[in-house]
Structure formats: C-alpha cells, structure tokens
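There are 2 protein chains.
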Amino acid sequence: MTLYQQFAEELKQQIQQGYYPVGQKLPSIRAMSQLRGVSISTVQESYRLLEDADLVYSKHKSGYYVKSPLKTASLPELSQPEQRPVLIDNWQEVLALTMTESSQHFLALGRGSPDTSFSTLKPLQRLMNENIKQQSKQVFSCAKGNGLLKLREQIVRLMQHSGCQVHPDNIQITAGCQEALSLSLKALTQPGDIVAIDSPSFYGSMQAIQSNQLKVLEIPTHPQNGISLPALELALEQWPIKVLQLIPSSNNPLGYIMPEKNKLKLLALAEKYDFAIIEDDILGDTVYHYPRPRSLKSYDSQQRVLFCSSFSKTIAPGLRLGWVAPGRYSTMLTHLKFVSSLGSASLPQLAVADFIEQGYYDKHLRLSKQHYQARRDIMLHWVQRYLPEQTKVSFPQGGYFLWLALPEGIDSFQLNQHLRPYHIGIAAGSLFSASGKYRNCLRLSYANPPTEAVEQAIKILGQQAQLLLQQSD
Amino acid sequence: MTLYQQFAEELKQQIQQGYYPVGQKLPSIRAMSQLRGVSISTVQESYRLLEDADLVYSKHKSGYYVKSPLKTASLPELSQPEQRPVLIDNWQEVLALTMTESSQHFLALGRGSPDTSFSTLKPLQRLMNENIKQQSKQVFSCAKGNGLLKLREQIVRLMQHSGCQVHPDNIQITAGCQEALSLSLKALTQPGDIVAIDSPSFYGSMQAIQSNQLKVLEIPTHPQNGISLPALELALEQWPIKVLQLIPSSNNPLGYIMPEKNKLKLLALAEKYDFAIIEDDILGDTVYHYPRPRSLKSYDSQQRVLFCSSFSKTIAPGLRLGWVAPGRYSTMLTHLKFVSSLGSASLPQLAVADFIEQGYYDKHLRLSKQHYQARRDIMLHWVQRYLPEQTKVSFPQGGYFLWLALPEGIDSFQLNQHLRPYHIGIAAGSLFSASGKYRNCLRLSYANPPTEAVEQAIKILGQQAQLLLQQSD
Ligand SMILES: Cc1ncc(COP(=O)(O)O)c(C=O)c1O
Ligand SMILES: Cc1ncc(COP(=O)(O)O)c(C=O)c1O
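Here the protein sequences come in this chain order: A and B.
Counting from 1, position 32 in the first sequence corresponds to residue 32 in the UniProt record's numbering; the numbering is continuous, with no gaps.
Counting from 1, position 352 in the second sequence corresponds to residue 352 in the UniProt record's numbering; the numbering is continuous, with no gaps.
Just chain A, same shape as in the assembly (with noise of 0.2 Å):
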C-alpha cells in the first residue's frame, strides 16, 4: 500500500464509523494535511481515491462532502419497543433457531457461528494437538477458581485494546459470553427486578433475564448510536431499574457502536440513578477498524462495569471459552462460577492463550475483520438489488450480522416458513425482542463466504418478501 491508499483506508474507515458523518464536509485539503502531519499531495490522492470508492463527492469551489455510502438503501429506524418492563415467552422460537444447523442441505443465513474455516485457525489446531500431548497432566484436571493465569494474562492484554486496565485476578473464566451474562445477572438481581436492554437485543440474554425471573424493559435504540440515552433517562425516572444491559461495541444484531460521548454520559446515568451495568463485548474485537473502539469498562472508575465477553464469534463458539471483568463482583462471580459448573475446560484455556501468545489470534482477527467487511458491502449488494425496494438494512461497523427493516406487512417468522421448502432459514426479528416486536425486521449473517448458493438464497428470499407483500396489500 503507498501512503496515500493508507491514509485513504484510514478516512474510509472514519467515515463508516461516523466521525465524519453523511453530508458533512471533509476538512480542506490543507487543514487535513496539517492536522494529520501528511503531505498536500497525500490529501489529495486520497480524496480522490475516496471520490473514486463512491464515499465523498466534490462540489466545485467548495470541497469534498461525505456521500451515503448506500444509495438506495437507508438505515431502520429507532426502535419503538414496548415502554413497560414485559415478561419473555418466546423460548420455542429461540431453541428452533439454535437447532438449525448449516448443512449440505440447509443454508442457515440466520446462524450466528464465525466462519471457522480460515487458515489463520490451522496453528490453534495445532497447539490444542500439543497441549492434549504435552500437557495432559493439565488438560485432564478442571482448572477451578478464575481459570487458567496464563490465559488470564493475556486477556488483560486483550482488554487493553479496549482502553482497560484489568488485573488478572479480576477475570473469571466462564463457558463462554452466555455463562458470562447469565452469572453477571445472577450476581446483580432478585427475581422481580427490572432489567433494562437495547433493543433489539441478542435473545440468549433475554432467556437469561427471563430464566432469572426478572422483568426486561426495552430501550428504543438506534442503529447508528445505539441505545437512546434520552429514552433510558425517561425509563429511569419511571422504572427502579437494577442493570442495564448492552452491546455497545458492535451489536449484535444492529451492528453500530456506541459513540464515545454517548458512553461517558451513559456512566454519569449510571452513576446517577445507581444501576449497574452489563457489557456484551462479544464482538467488539472484530470491529473492522483501527484501533477497535473504547469499551464502556474503560472509563468505569466505579467498578460498576461487568464486561463479558468470549472467544465464540473471534475464534470459534465450539471452544466455550469466556470470561468476565466483574468489577466490584468479583468474589461473588467465582461462587457463582463454582455453583454453575466448578470451573472450566483446560485444554481450550491452554491452547487460546498460546495463540494468543504467539500472535495467531491477532492475525486471525485481522485476516477475518477484512473478510467479513467484504463480505457486508457484498451482502449488503445483495440485499439492495433483491430485496424489496423499501427494505432497510443497517450499516455494521463490525461483526457479521445484518439486519433488515422490511416493509410493514411482511411477517419474517411467515417468511421463514415460506423459505423452508427452499432449505433456507433466517433469524426472525422478534427473537430479538422481549415483546413480540420487530415481526417484519431479520437478522442476516455474512459469515459465511459470498458464494452463489448465498447469492441464490437472497434472492429467493427476495421473492419470497415481494409475495408476503403482495398478499399483505
């Protein structure tokens, strides 16, 4: 890459994260050369290159202005959940969804599992191949307490990516980010608390809320900022509400992250009203840019941050291998550890931290962040030219997940019945929700590679969607 393709990479990647907003004007040539110490001529073949990539337009005399990095499509709207805490009832739905398995036979484009297939994973093979030889002793026994130091370690390094400074013994080693957020709410509810979430939000944590016997109450969110800060503030006033909890960096399934201002003054929330929080980091480190956003736990100096997170969507969810930052919880999380299942499975703890150690797993992210940004503009290609024309389809700064706004009228659970004959399922919108809502919204995976076959189902589905419209007229 010469200088210029990498300061323009750079400004892309800003301007998908919204530092520069759509329709804002881009810096002059000569202050952004200045404010960026690069050369005029750097500027300008990078704003030229970004012209090029359909990201900024000219207007003469005046200067370059960030275009709609999607022309037809446009974002959904913020949510409008139910405004009252809901009991959750949908666990039929959820465990079909989870039981579908991508085969030969059946394209699960709803499946939330990474895309395992990378050579950048072949060295982890190896190493849990040398660990079951070398280490036997070890991978036999059960590793109690927090879990394995030396992967504790290098989480601690990981986290620093995020802006955190966490001691090794403030991590506990959970079976994954589920184990992670079921115990987090154990730890921080009775049964009839009030648990605040964005919305739409990932249903594994809505059955653990549920599970829990606690009440959820949705906040409307927006799929470019997230969680409405003035909406939470209104519950607030309203409801007692114990824990919040969010995906603030990468959500799953909107794809924004939280801009950074919106994080300071949601931790002065939490200050204020006494909640505490609940970070679902799973997919924060496949946030396609760099450096990957700040986590809220790095500006929480109350300790009042319990920051979850696994390996399930960066390496691969056959590891079961998660953890929490608890905070101030963290005696607590251990007894709660102990009680769920004494500790965890050495051979993964093992095997992670020498792939971390020697650098695969940096790789790894980095090999597949670019795969997956890829993949979205393709799949996003996809769903602009077979979907119907009013879809909406978010715009994700990381992970693999899209989610779409269908034409009201469009039921997604009907959809997927009608998709079935086709061998094809996709997530239905109102798995995400504590209150039956976003019946017309999907989620879309792009984990996968682009291949014909994926091509083909999109627009299937596609047809199928035009024909749920046609009948709903």
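FYI, nobody ran anything at the bench for these hints, they're computed from the structure.
Among the clues, some could well be false.
Since copy identity is lost for identical chains, a pair holds within one copy or between any two.
What the hints assert, rightly or not - Below, computed lysine to aspartate or glutamate pairings styled on DMTMM-like, alpha-carbon distance capped at 25 Å:
| # | residue 1 | residue 2 |
| --- | --- | --- |
| 1 | Lys144 | Asp115 |
| 2 | Lys137 | Glu455 |
| 3 | Lys61 | Asp169 |
| 4 | Lys363 | Glu153 |
| 5 | Lys215 | Asp193 |
| 6 | Lys137 | Glu357 |
| 7 | Lys67 | Asp377 |
| 8 | Lys144 | Glu93 |
| 9 | Lys133 | Glu357 |
| 10 | Lys272 | Glu45 |
| 11 | Lys61 | Glu233 |
| 12 | Lys144 | Asp89 |
| 13 | Lys137 | Glu452 |
| 14 | Lys133 | Asp115 |
| 15 | Lys137 | Asp115 |
| 16 | Lys137 | Asp362 |
| 17 | Lys437 | Glu260 |
We have chain A already, so just place chain B with the ligands on it with the hints.
For chain B with the ligands alone, coordinates are given in the frame of chain A:
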C-alpha cells in the same frame, strides 16, 4: 485365574458388598456348590483362599463365617446432623480446598480427582487429536440443544448397566455433573424451598443449594447403608421437602452403596410425600464389584428422579462433560442449559463417544477400579497403622474416598493447618456439612498411587492428630 480363584474373587466382592454380612455363616460347601453350579472342590478351594485372605474363619464342624474385614478400625456411626433446615455458609473453606492443586511440592490428600495417568486413557488423547484434525468444523461449533446424539446414544447404553431404560432424547449433556445438579435444583425449586440431602454430602451441591437460596435439611446417614429412611420419613412429616438429593451408589464421601430394598422404599416415600429426587451417580460406575448397583432411576416409574452424572470421576474432570436424565423435567432442563451456557463443547463429546463406542471406556474402568480397590486396602492399612487408635473409618465399595472419624476433640481444620508446613492437605469434614458438623472428620483420597510419599504423609497426619488429641485432653 483358575476357576476357584475366580469364584473366590466373586465371593470376596459379595462379602465386601455386604451380601454376606460380618459374622454370618456362608452357605455350606454342598449348598454353595448347588446354588452356584460349581463343583464341590471349587467351593472348597475358594473357601480356603478366603480364609487365607483373612476374610472368613472356619469353626470346627460348623462351617465358614465372615470375618470383620478390618481388625482394629470400626465404621463411623450414623451421622447426627442438625435436625432443622439451615442455610449454608462455608464458601471460603470450599474455595480453599478446591484451589489446592497437588504438585511436586504439595500433596493434596483431600482432592476429588481421579488418577489420570493410567495407560488406558492414552486412546482418548489419540481420539481427541483425530477429532481435531478430521472433524474440525464440528469441533469448532457449539453443540446446542440436548448435545451430540452420538454421545447421548453411548450414555444411554452405559445407563443400561444400572438398569435404566432411557431414550437419547431424554439425556441432556452438561458441563460436568455440577452443572447437571445445579440446573436440576433450579428446575425443581423456588427460593426458600427446603432440600433434603444425605449427610455428610458433597460440598459442590450444597453450594448450589445455597446459591439458589434454598434451605437444606441434612438427614442422618449411615456409612454402610446410606440415608436413614426412618429419619427421612420423620423429616417429611415435619417439613415441606421439595427435593431429596443424594449419592446412593458409591457415596462421596462415605463410599457406601444403598441397599436395594432401601431404594424401593425411598421411591415409595417419594410417591407418598410427592417430592423429586436428584440422584448423583457420578461414582456409580466406579463400584468395584460386578455388576454395578442399580440406580434409583432404574426403579423410577413416575419420572420423578433426575439422574445426574459425568465423566469427571471415571475419565477426567478436565473434560467438563456430564449429563442429566431429567425424566419429566426434560424440556425445562434443555432451556436451563441454554440459559446457563448455550451448549456444550463438541470435542469432548466427540472423543468420549468414540472412546466408549470402541470399548476403551470399559477397559479403562476395569483397570482403574482394580487399582482403586487395591489402593483402598493399602490406605486402610496405613490409616489403621498410623492414626490414633480410636479412629473410625469407612469401608468404601467404589470410588477412591475414605471418610475418617477421628477421636472427638480433634478439629480437622486445625489439623489441616498443622499439616501445611509439611505440604500436605486433607479435606476437612465440616466442608461436607451444611451446619458445620463433622469437625472431627476428614476425607482422604486414595486415587493416586500409594507411594512412599503418601505413606509418609499418612504417618505425619497420624502424628499431628495424636498431638492434637493430647492437647485436647
Ligand atoms: C451478543 C451475544 N452475546 C453473547 C453470546 C453468547 O456467546 P457464547 O457462545 O460465547 O456463549 C452471543 C452468541 O450468539 C451473542 O451474539
Ligand atoms: C458427588 C459429586 N457430585 C458432583 C461432582 C461434580 O463433578 P463434575 O466435575 O462432573 O462437575 C463431584 C465432584 O467432585 C462429586 O464428588
């Protein structure tokens, strides 16, 4: 082995199981020959072998009588726990115990892990490696729902050995027996409910009871027959007991096997008083004699037994691989498992399914049981030799735990502290009580080879106990 050696071995096991209690006359040589269809001379020779082994003695003209297997040590008495529901609060001590790893520098005689150095585990390492190479896609993905069918089918076969007829759909894979117990409790109870348990009892399940905000009622338990049914019935009359949890086959820590007739009586009580039973069978497959005892579950026509187990004691705790056969609570358990950790790692499931299917599990079990039984006798010998004379000790029928009742006045916590300078640890008895009983008791593990270092440690244990005894006088 010759025929009579084999027959003597069978008789020996039956004596140890209690089929022929201490003091009872064995059938006459002629009667035994007819009873078992073996020749007179085989019976004669085998009775002589038993006499040589000090298991029976002959009275002139009368016949052969079962001798007390241990000349000096007697069994501990029926336990006398608190007679009312209590809350549990000894987490710090449990944590301290579980965090003591055996190492070159520390001999953790109280730990619960099996010996994982048997050569019969080698094929498992190979199978893990093969699955990592050949099934990488599956290894990297998380097994949702009930868990891998392939493993559940093997588990169903294993469970037939305890007389159970269960369908693979009625098995829920878990992260070890602890998760199985924890989810079962959650499925059956509401905060404030009363759970009855055998006493002494495994500290992990007591922590689960505590963390689910339940009260525990400890039922007096005999080191040879298990839970006292009259005491249980008395408790049932007095308290609204929701669940009974117990370890009937090769109890931890007492090592008994509940007699068949008591199992039937217990199920009748469960019907009469309408409570559910959590049967912890984690050591059931380690019972020394063949066939292994039937499980409560095998008599459970009403689907009120939740059968929990794992491969932690039979293969290795580091697999974190267990299961529950939840009877009528099947759907609930699948939901709770999802909430707790989404699903289970695939690699251990794949490898262990192969390990069982290819006959390696049976071989491994046979070998390890032989060793454990031999190690029991050596450990018993050392205990009798080195511990204060009045020490009472259990006579385990499976597993690898001894339960010692030291003379009153010796506090095993204090004892443990006195052992620390010698880099030796034991499991203090009060860990196994909800109400801090059994302070004069302790658990020893004989899982590991009976090396000189172990003998030395038992000797030191004896000396320190003696010192404390003198101080307490
Ligand atoms: C946002 C989010 N949080 C948590 C989880 C649970 O992940 P894990 O497999 O690490 O338990 C998922 C998985 O789908 C997820 O998407
Ligand atoms: C009686 C008993 N039940 C359950 C467990 C939990 O075992 P696992 O490692 O399978 O979770 C143990 C482990 O020590 C145990 O002794």
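Worksheet entry | Hints violated by the structure (listed by number, smallest first) | Hint check: 3, 10, 11 and 17 fail, others pass.
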